[in-house]
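Spelled out from the first residue to the last, the chains are:
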Amino acid sequence: MLAYIARRIVYVVPIVLSVALVCFMLVHITPGDPLVAVLPADASQELAAQLRAAYGFDRPLPVQFGLWLWKALHGDLGTSIATGRPVLAEVMRAVSNTVTLAIAAAIIGFSFGLLFGLIAGYFRDTWIDKMATGIAIAGVSVPHYWLGMVLVIVFSVQLNWLPAVGAGPGGSGQWAWDWAHIRFLILPAITTSVIPMGIVTRTVRALTGDILSQDFVEALRAKGLRETGVFGHVIKNAAPTALAVMGLQLGYMLGGSILVETVFSWPGSGLLLNSAIFQRDLPLLQGTILVLALFFVLLNLSVDIAQALIDPRIKRA
Amino acid sequence: MSLTASDAAPQTAPAGKARGYWANVGRRLIRDKIAVACGIILLLIVLAAVFAPWLHLADPYQGSMIRRLKPIGTANYPLGSDELGRDMLARLIYGGRLSLFIGVLPVIFAFMIGTSLGLVAGYVGGKVNTAIMRTIDVFYAFPSVLLAIAISGALGAGITNSIVSLTVVFVPQITRVAESVTTSVRNMDFVEAARASGAGAFTIMRVHMLGNVLGPIFVYATGLISVSMILAAGLSFLGLGTKPPEPEWGLMLNTLRTAIYVNPWVAALPGVMIFAVSICFNLLSDSMRSAMDIRN
Amino acid sequence: MSKAVSAIAEVEKFEPIEDIGGAAQPLLHVNGLTKHFPVRGTGLFGGAKTVRAVDDVSFSIAKGETLGIVGESGCGKSTTARLLMHLMPTTAGEIIFDARQVGRELSLRELRRGMQMVFQDSYASLNPRLTIEESIAFGPKVHGMSDASARALARELLGKVGLRPENFAHRYPHEVSGGQRQRVNIARALALSPRLVILDESVSALDKSVEAQVLNLLADLKREFGLTYLFISHDLNVVRYISDRVLVMYLGEVVELGPVDDVWDQPAHPYTRALLAAMPSSDPDRRTEVPPITGDPPNPIDPPAGCRFHPRCPFAEALCSQAKPKLSPIGDSGHQAACFMAIPGSGHSRAP
Chain A
1 MLAYIARRIV
11 YVVPIVLSVA
21 LVCFMLVHIT
31 PGDPLVAVLP
41 ADASQELAAQ
51 LRAAYGFDRP
61 LPVQFGLWLW
71 KALHGDLGTS
81 IATGRPVLAE
91 VMRAVSNTVT
101 LAIAAAIIGF
111 SFGLLFGLIA
121 GYFRDTWIDK
131 MATGIAIAGV
141 SVPHYWLGMV
151 LVIVFSVQLN
161 WLPAVGAGPG
171 GSGQWAWDWA
181 HIRFLILPAI
191 TTSVIPMGIV
201 TRTVRALTGD
211 ILSQDFVEAL
221 RAKGLRETGV
231 FGHVIKNAAP
241 TALAVMGLQL
251 GYMLGGSILV
261 ETVFSWPGSG
271 LLLNSAIFQR
281 DLPLLQGTIL
291 VLALFFVLLN
301 LSVDIAQALI
311 DPRIKRA
Chain B
318 MSLTASDAAP
328 QTAPAGKARG
338 YWANVGRRLI
348 RDKIAVACGI
358 ILLLIVLAAV
368 FAPWLHLADP
378 YQGSMIRRLK
388 PIGTANYPLG
398 SDELGRDMLA
408 RLIYGGRLSL
418 FIGVLPVIFA
428 FMIGTSLGLV
438 AGYVGGKVNT
448 AIMRTIDVFY
458 AFPSVLLAIA
468 ISGALGAGIT
478 NSIVSLTVVF
488 VPQITRVAES
498 VTTSVRNMDF
508 VEAARASGAG
518 AFTIMRVHML
528 GNVLGPIFVY
538 ATGLISVSMI
548 LAAGLSFLGL
558 GTKPPEPEWG
568 LMLNTLRTAI
578 YVNPWVAALP
588 GVMIFAVSIC
598 FNLLSDSMRS
608 AMDIRN
Chain C
614 MSKAVSAIAE
624 VEKFEPIEDI
634 GGAAQPLLHV
644 NGLTKHFPVR
654 GTGLFGGAKT
664 VRAVDDVSFS
674 IAKGETLGIV
684 GESGCGKSTT
694 ARLLMHLMPT
704 TAGEIIFDAR
714 QVGRELSLRE
724 LRRGMQMVFQ
734 DSYASLNPRL
744 TIEESIAFGP
754 KVHGMSDASA
764 RALARELLGK
774 VGLRPENFAH
784 RYPHEVSGGQ
794 RQRVNIARAL
804 ALSPRLVILD
814 ESVSALDKSV
824 EAQVLNLLAD
834 LKREFGLTYL
844 FISHDLNVVR
854 YISDRVLVMY
864 LGEVVELGPV
874 DDVWDQPAHP
884 YTRALLAAMP
894 SSDPDRRTEV
904 PPITGDPPNP
914 IDPPAGCRFH
924 PRCPFAEALC
934 SQAKPKLSPI
944 GDSGHQAACF
954 MAIPGSGHSR
964 AP
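Residue numbers (this note's numbering), protein chains in the order written: chain A, 1 to 317; chain B, 318 to 613; chain C, 614 to 965.
Rather than coming from a laboratory, the hints here were simulated on the basis of the structure.
Check each hint, because a few of them may be wrong.
Pulled a few chain C residues facing chain B out of the computed Cβ check, cut under 10 angstroms [as the list claims (entries may be wrong)]:
| no. | residue |
| --- | --- |
| 1 | ARG717 |
| 2 | LEU721 |
| 3 | ALA737 |
| 4 | SER748 |
| 5 | LYS754 |
| 6 | ASN798 |
| 7 | ARG801 |
| 8 | LEU805 |
Quick list of in silico lysine-lysine cross-link-like pairs, BS3-like style, CA-CA up to 30 angstroms [stated by the list, open to error]:
| no. | chain 1 | residue 1 | chain 2 | residue 2 |
| --- | --- | --- | --- | --- |
| 9 | C | LYS939 | C | LYS662 |
| 10 | C | LYS835 | C | LYS676 |
| 11 | C | LYS773 | C | LYS626 |
| 12 | C | LYS835 | B | LYS444 |
| 13 | B | LYS444 | A | LYS130 |
| 14 | C | LYS676 | C | LYS662 |
Per the computed footprint, the stretches of chain A lying under chain B, defined by three or more beta-carbons under 8 angstroms from a beta-carbon of chain B, are [said to hold, decoys possible]:
| no. | segment |
| --- | --- |
| 15 | 60–69 |
| 16 | 128–140 |
| 17 | 146–157 |
| 18 | 196–210 |
| 19 | 292–304 |
By construction, the Cβ of each residue, glycine as well, lies at the ideal position given by its N, Cα and C atoms.
Assemble the whole structure, with the sequences as input and the hints as a guide.
Pasting the structure below:
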């Protein structure tokens, strides 16, 4: 077991390095001069050369990568061209808002997903199953940014119950878990939760159906176990896979929040990425993607380890 | 031990006409009401988009400052008008052209690239497999939406860049499916039997592998179109896809966002189209999967 | 023109590959066949280890005979079959098919005309996307037969294995029963006119009554086509019924080899004795009451030194864990065993 976990951790190192390389290369597939955003249009040749040297763009690529990686390892992701503030600070502030959103969405999406999935799998091929499956398919097929707009139309524009945009009263940057702030969280969280809800429903439904059709369930019923007890066995057997899927979904919510955050002007990492793209703020773009991807890698790693801990079959995979 | 006398009489098979595999799959799909409904809806949307110029629609580019944001059901504007007074019906139908193009094309490209990579990785195995699959793992370290937006954002706005970025996102996913299907088929006894009969790798691939491998990959790719439609429109929604005044569902959704206080339901219409196409491809993919499962 | 006429008059077939050595030359001679698989060790830095799946196996099969191979699951029977068919590379050893060494005088392509195999799983060994006729015709087409002739041959062979071609030719594998599928697999193996057919647990998955029918079919086909069989099974009754000689494998090695009656009547290796004693008997006087063999087979990753059977052997002595007994003759019937108790003067207290 320990050996498996150690091997899994060692395996993350090349992945992290490759992720860093991809993030680094992003700036270099960008057409045009990476300095275009900072250089005045009438800049002289010398000024351009000076700035190029200052940002290190005049060195060979592998050297640039090495330097960039070395700094990144020390927590220095450069300075935002647009704001002049350190990239890491900007990203971490935004990420904390995204984490808030993702956790709220996970609570909604996972509870409904588990509920619908268990019910649909247990009552397979009945109208209950068909309904739950229908909701799940709608959840994974809906363009969630559009769903966000529709929710705003209904609950903000027409009913005027909840605010349409922002993350707190008066545009304050400080998040708090009080009603004044949670009101702002509800619509974006519901919007974000539909895809994980659909995917968790489908996964849990399939798992439940498979487990219930296995011989050992017959044996449990034959020895007189009540249905609630059978259900306990179902949950125990479905847990490792369901957990892995949910972990992955949490990662997707953290990394894929840009569309929802744009719709609701939620000041998270997605909105930051959006402004980095449109202001051609390449260090910020690079840094945001790197941080989000690293979060995702670490989350995957912890899911794998957690799965190994609760599933006795994955001891020496 | 003793054995019964040799059965001299030749055996017969149960009655009933033997049908080809794909004929069987087709028959089962046609019996599936959901699959047929989805197929018809998709066909209508595609045909309308292709033949839009012959449908006597209003000019999707012709705006009118005095007829902006008319509600659904206005005379001459059956689905209302947009923020520049352009006919929504015409724009939704014309919008299908670009939206379907940028949504479907990445999956087709990824299907071709990913299937080739996965077949090679799965059939050759060994170091080639390791090289291909470890590279694929790197792309799996990014959530797909983030990867699409990162590439698209770095390359800059535009239809080509949007297609390129989505292709890059889908190639790893299709490669993984293709590799795992190929590996499992390759280890089946009938492939061993074909090798035992002296057939070369290419013949085995053509006769014994492709027919068994392409189906599941194709089904997976059909389901991916659903994701691709949402992401492609999403990129346009963010301003990373096509540019105004082109009609495209994601971009229309973006430009109509400000109109939700004036005429909300017209503003939501382009999303209905994306939703419809996406859910139809998803349901069709599910139906195909169960129709292809011949053992039951 | 003449070809077209003959195709109508008589189905085109391959001639079996040439008989070179005559009756005295064994059809197949296997010398020192060895297969080691590298496996990943457990633990973070558990280095590579090897599974000794097949270790220095030698035997030969005479023309027209049936050699049975028996042993517990995991003893290397099926690996041996796959090595003979060259479906996986050998680690060491030579395979001589009718006086021609495979890979030197005999190409792989020719070998596959001379030697065919029927697998255990009748469903998995047929391509689900091809009709039965197409599956049988595939091999002949690979070897250059035209599509029409190959299909005609397939239909003829379906008749030979007792399946009406008009009923079965266009069916798919999932549309026929297990016994019928295995007949199709036999027809497929015969399509290249092989001289040796390897039957790897080919009847093991069938119902007892169907198994008997297929065994009888195999006997008929052997007579009609002059075939030689290598029959692999864990079912001793079936092996005794069909085989002329039998080879007993334990953990990748040959422990006993000889005419089937000699081995059954006077098993020389304690492992063979245990296997035979474990056979269910319908005779109440011969009921086994003491488990003849205890313990699990040791792991082939780390086989015991000396005689590989010694940890489970009731007669093991110090000698058995130190030296490996060679396969040695018992009498002059060709009966051989690898046990110190069968080797005169070996030093074992029970040696003759």
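Which of the numbered hints above does this structure break?
Of the numbered hints, 1, 12, 13, 14, 15 and 18 do not hold.
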